[in-house]
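K.L.:
Below, each chain spelled out in residue letters.
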Amino acid sequence: MAAQSEIVRWSAARLAESLAAGEVSSVEATQAHLDRIGDVEADVHAYLHIAGERALARAAEVDRLRAAGEAPSALAGVPVAIKDVLCTSDMPSTAGSRILEGWVPPYDATPVARLRAAGLVPLGKTNMDEFAMGSSTEHSAFGPSRNPWDLARIPGGSGGGSAAAVAAFEATVALGSDTGGSIRQPAAVTGTVGVKPTYGGVSRFGAIALASSLDQVGPVSRSVLDAALVHDVIGGHDPNDATSLDETWPSFADAAREGAASGSLAGLKVGVVHQLDGSGFQAGVRQRFGEALKRMAEAGAEIVEVQAPHFEYALAAYYLILPAEASSNLAKYDAVRFGLRVDPGGSTVEQVTALSREAGFGAEVKRRVILGTYALSAGYYDAYYGSAQQVRTLVQRDFDQCFAQADVLVSPAAPTTAFRLGEKIDDPLAMYLNDITTIPANLAGVPGLGMPIGLAPEDGLPVGLQVMAPLREDARLYRVGATLEAILEREWGGPLLAQAPALGGAADRGERIRTTPGTAPAPGYGTEPDGGTL
Amino acid sequence: MADGTALSSDALLDYDEALAKYEPVLGFEVHVELSTRTKMFSAAPNPAAADSGTVEPNTMVAPVDMGLPGSLPVVNAQAVRYSISLGLALGCSIAETCRFARKNYFYPDLGKNYQISQYDEPIAFDGSVEVELEDGTTWTVPIERAHMEEDAGKLTHVGGTTGRIQGADSSLVDYNRAGVPLVEIVTKPIVGAGAAAPQLAKAYVATIRDIVRSLGISEARMERGNLRCDANVSLRPRGQERFGTRTETKNVNSLRSVERAVRYEIQRQAAILDAGGTIIQETRHWHEDTGTTSAGRPKSDADDYRYFPEPDLLPIQPSAELIAELRAALPETPTQFRRRLQADYGFSESEFRDIINANVLVELEETVAAGAAPAQARKWWLGEILRIANARGVEAGTLVSPLHVSELIALVENGDLTDRLARQVLEGVIAGEGSPEDVVRARGLAVVSDDTALTAAIDEALAAQPDVLQRIRDGKVQAAGAVIGAVMKAMRGQADAARVRELVLERAAR
Chain Z
1239 MAAQSEIVRW
1249 SAARLAESLA
1259 AGEVSSVEAT
1269 QAHLDRIGDV
1279 EADVHAYLHI
1289 AGERALARAA
1299 EVDRLRAAGE
1309 APSALAGVPV
1319 AIKDVLCTSD
1329 MPSTAGSRIL
1339 EGWVPPYDAT
1349 PVARLRAAGL
1359 VPLGKTNMDE
1369 FAMGSSTEHS
1379 AFGPSRNPWD
1389 LARIPGGSGG
1399 GSAAAVAAFE
1409 ATVALGSDTG
1419 GSIRQPAAVT
1429 GTVGVKPTYG
1439 GVSRFGAIAL
1449 ASSLDQVGPV
1459 SRSVLDAALV
1469 HDVIGGHDPN
1479 DATSLDETWP
1489 SFADAAREGA
1499 ASGSLAGLKV
1509 GVVHQLDGSG
1519 FQAGVRQRFG
1529 EALKRMAEAG
1539 AEIVEVQAPH
1549 FEYALAAYYL
1559 ILPAEASSNL
1569 AKYDAVRFGL
1579 RVDPGGSTVE
1589 QVTALSREAG
1599 FGAEVKRRVI
1609 LGTYALSAGY
1619 YDAYYGSAQQ
1629 VRTLVQRDFD
1639 QCFAQADVLV
1649 SPAAPTTAFR
1659 LGEKIDDPLA
1669 MYLNDITTIP
1679 ANLAGVPGLG
1689 MPIGLAPEDG
1699 LPVGLQVMAP
1709 LREDARLYRV
1719 GATLEAILER
1729 EWGGPLLAQA
1739 PALGGAADRG
1749 ERIRTTPGTA
1759 PAPGYGTEPD
1769 GGTL
Chain S
143 MADGTALSSD
153 ALLDYDEALA
163 KYEPVLGFEV
173 HVELSTRTKM
183 FSAAPNPAAA
193 DSGTVEPNTM
203 VAPVDMGLPG
213 SLPVVNAQAV
223 RYSISLGLAL
233 GCSIAETCRF
243 ARKNYFYPDL
253 GKNYQISQYD
263 EPIAFDGSVE
273 VELEDGTTWT
283 VPIERAHMEE
293 DAGKLTHVGG
303 TTGRIQGADS
313 SLVDYNRAGV
323 PLVEIVTKPI
333 VGAGAAAPQL
343 AKAYVATIRD
353 IVRSLGISEA
363 RMERGNLRCD
373 ANVSLRPRGQ
383 ERFGTRTETK
393 NVNSLRSVER
403 AVRYEIQRQA
413 AILDAGGTII
423 QETRHWHEDT
433 GTTSAGRPKS
443 DADDYRYFPE
453 PDLLPIQPSA
463 ELIAELRAAL
473 PETPTQFRRR
483 LQADYGFSES
493 EFRDIINANV
503 LVELEETVAA
513 GAAPAQARKW
523 WLGEILRIAN
533 ARGVEAGTLV
543 SPLHVSELIA
553 LVENGDLTDR
563 LARQVLEGVI
573 AGEGSPEDVV
583 RARGLAVVSD
593 DTALTAAIDE
603 ALAAQPDVLQ
613 RIRDGKVQAA
623 GAVIGAVMKA
633 MRGQADAARV
643 RELVLERAAR
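Protein sequences, first through last, are from chains Z and S. Just add 1238 to the spot in the first sequence (first one is 1) and you have my numbering. Just add 142 to the spot in the second sequence (first one is 1) and you have my numbering.
Simulated from the structure, these hints should not be mistaken for laboratory data. All C-beta atoms, glycine included, are put in the ideal place defined by N, C-alpha and C.
Footprint (simulated), chain S over chain Z, 3 or more residues, beta carbon under 8 angstroms: (1) 1336-1346; (2) 1434-1447.
Each pair of labels, with its calculated beta carbon distance range: (3) Z:Arg-1605 with S:Glu-159: 57 to 63 angstroms; (4) S:Tyr-247 with Z:Arg-1579: 16 to 22 angstroms; (5) S:Ala-185 with Z:Gly-1624: 33 to 39 angstroms; (6) S:Ala-219 with Z:Pro-1344: 24 to 30 angstroms; (7) S:Tyr-247 with Z:Arg-1728: 56 to 62 angstroms; (8) Z:Tyr-1612 with S:Ala-219: 33 to 39 angstroms; (9) Z:Gly-1501 with S:Asp-446: 57 to 63 angstroms; (10) Z:Pro-1344 with S:Tyr-247: 24 to 30 angstroms; (11) S:Glu-198 with Z:Gln-1628: 47 to 53 angstroms.
Partial selection, computed: residues in chain Z whose CB lies under 7 angstroms from chain S: (12) Cys-1325; (13) Ser-1451; (14) Asp-1479; (15) Ala-1480; (16) Glu-1563; (17) Ser-1566; (18) Ala-1569; (19) Lys-1570; (20) Asp-1572; (21) Val-1574; (22) Arg-1575; (23) Val-1587; (24) Ser-1615.
Whenever a hint applies, use it, and build me the whole structure from the sequences.
P.N.:
Structure (structure tokens):
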């Protein structure tokens, strides 16, 4: 059997092979991850909830199924982390908010249900900015996650927990959600891979809504192939989501394998969006982006510059549409049926609702609810929400025109490498600007992939590339991404994450948690019986 | 009741004087609960479906109806088909594409704190409906739109004196009704009805009720809230072009109340205007017991519901084929229905008008369809049932089902019940004791058709009046009456008088 320290570094594809060959069991793989969590979680704080005992029980069950020749899928037995925005019927689902502390939904989100049905083993729920509003996890009600590359830095957001968990080898793969970059930007700053599928490609059922017309659930991983494997499992039509696309998708894993095997991008037109070409971005980001373009050209791609003149207004439009939808989506948190209730007694329902929202929502949530309420108000609707929707249409047209000239579009996945915790927390606009390259894809619904393309020379932190494809052409992302990944990894002599600093301070301090950590809950976070014993 | 005392202080202008000075303008919003199997946006069973009966609170709910995080609405296709059928029956155009919108407001009867409705893109628009008044004149009521939405839950306010949320100690929420499919039918302003306005109001709502019933898309029981009417009334001085300020009287839950509420508002507003006052734009509550309205919340056109297109749902785009199919399947209009029944049943014009005015035509038709003779059905609906309904101040159709009436008629026809017994059985059915057969059994009301028992009773009666037989033989057949009366009395009415008469005459002829 492979050493535990080795198993946690395996890709899902590699682990799946070993599970199939009987070289390792799911229980061993799961335990290896729980041990790793025990080692590093106190430093990283990727998780809000760890379901150790439940995970081991499920792993044992999957091992039995496999022994009986009934492994539910190729990924059966692979440990997975789930962003806390997704409903899980056996774990609290808080979306990083105090107002949902301890709330256990009566259902699984469809992507979670599909992972379970495929035999993947949920390890726990990952940290996030409250209701996915943020780019750093600093807006989590339960404390920030930390970037495994530098614990003083943010792991991106909102899905920083999932990215950090995967980057710190605390999970093989993870699920995220992406409303304006919450999968791709964390991937960029943690040296991991993340994909926002075509809007409607993955069911939103059970994803706690931020902005319904922008939200999309997707995979988080350490390789393009792994993301594709997870996407294959979670994607496809769901009658419980009216915006789910009813169509047959090709195998994304096949696309990734083809891309990696071919090593060539001959015949591919890669469009560099002039408006997102990196001007004004961090120098090291610009440099690595330029090199990545060069590698693609060397592999046979034709690099063309394309114009998307309305991307300039995308951020402004996004910050009207998102708060507008969020103000409505978050109205359900009224303390009447579930969640935090602040009731001093003798109060009216309006007072209890107001007090509960006052206590249960963080500052960023309140900021956006107020903004959205204002934007939708009579007399302002046309100027704000209405105009924003027009910009959205123009952004979609820009994409149409760009894709008429290029097969895929590329840009840096984020303007900078990971910034320091606290650096932008008091400057919402600076925080919002982090998503400037990722937001247009959400406005248009097109798929986008974030992947590592090296370390910035000035700070030694990961730089990410974003690849975007036309609607429904997610397979193209995986093909192109896997080709480039193979080229880069040959150059690096292995995955970028191999260059990440070692973690495991807790183990060094002799605080290693032996079996099933219910561990390291952030201060104030509710525990539930499944948390396990130390 | 606090409201009641406040209400009685409303000054009213004499109706004829009010109409002489002012012209009423009406408008209606009628909410129809569709009787689909499941709710508008969830797979929870629909309490407004047929035969759903009474259910425990909060037992017909899905996560969407509770507004649970992560839940998503999915449109009920049957509700869309029903809505299109209704739109077509109202002579409306059907939108090629239309969207749902969110109507945002905080109120605990909405789990999501927004209602999914339609705002600027209703599924049906620009129609009209023919309405027939009691005197046989017809009116064309212009329809602005019919749009789809979801119903809200029910609040029960505990404590306090008014039964309203203000002053209550606590409130209980039942989400069973939350998400029930609704179509809201909105008229354009109806002008020119004059003194007939209250009657037109009643006839309009009755027509909507008849239409949705004939389409089979709603149970349409006003007393159960399947059909709810908000009546808008405004007055303008005769000769003035501009409409006056309107009030909206909410949830008037019977046809009779619609008529009374409109009449009341005309007289109340006229009194205010006549005294130089101004009408406040507000909702008004109708009080069935006092026959008055009282002020609700002020309502202005500036109510800000922050409508925006519902991002969880795609636009509805009914195909031309679907619309054609539903149009072809439309039943006859209420007017056509009446003409056909009048011809089929052979009733006179005045006989038929009585049926219409008693609002029992549909019941009568269903009774006949269940096997009763038209004349019998008419006799019962316009007779005993209407009498009880009037005594109780309710619609006859709410008392008893047409099926039960036809069963009752059959029992009489078969000689199992006399008319007198049948009236007792009807009482039992209305009291909820079950079907006529159930009541007959439980109350032991069947006619005694056993000749042995009758013969014994006749023997007894003849023994007390020994001269009767001879008088009959002498040609005084009416003398049998005394014996029949005595027998019926002895049998406590549970004998078929005709059969008793037969037996007595046979005895005399021996």
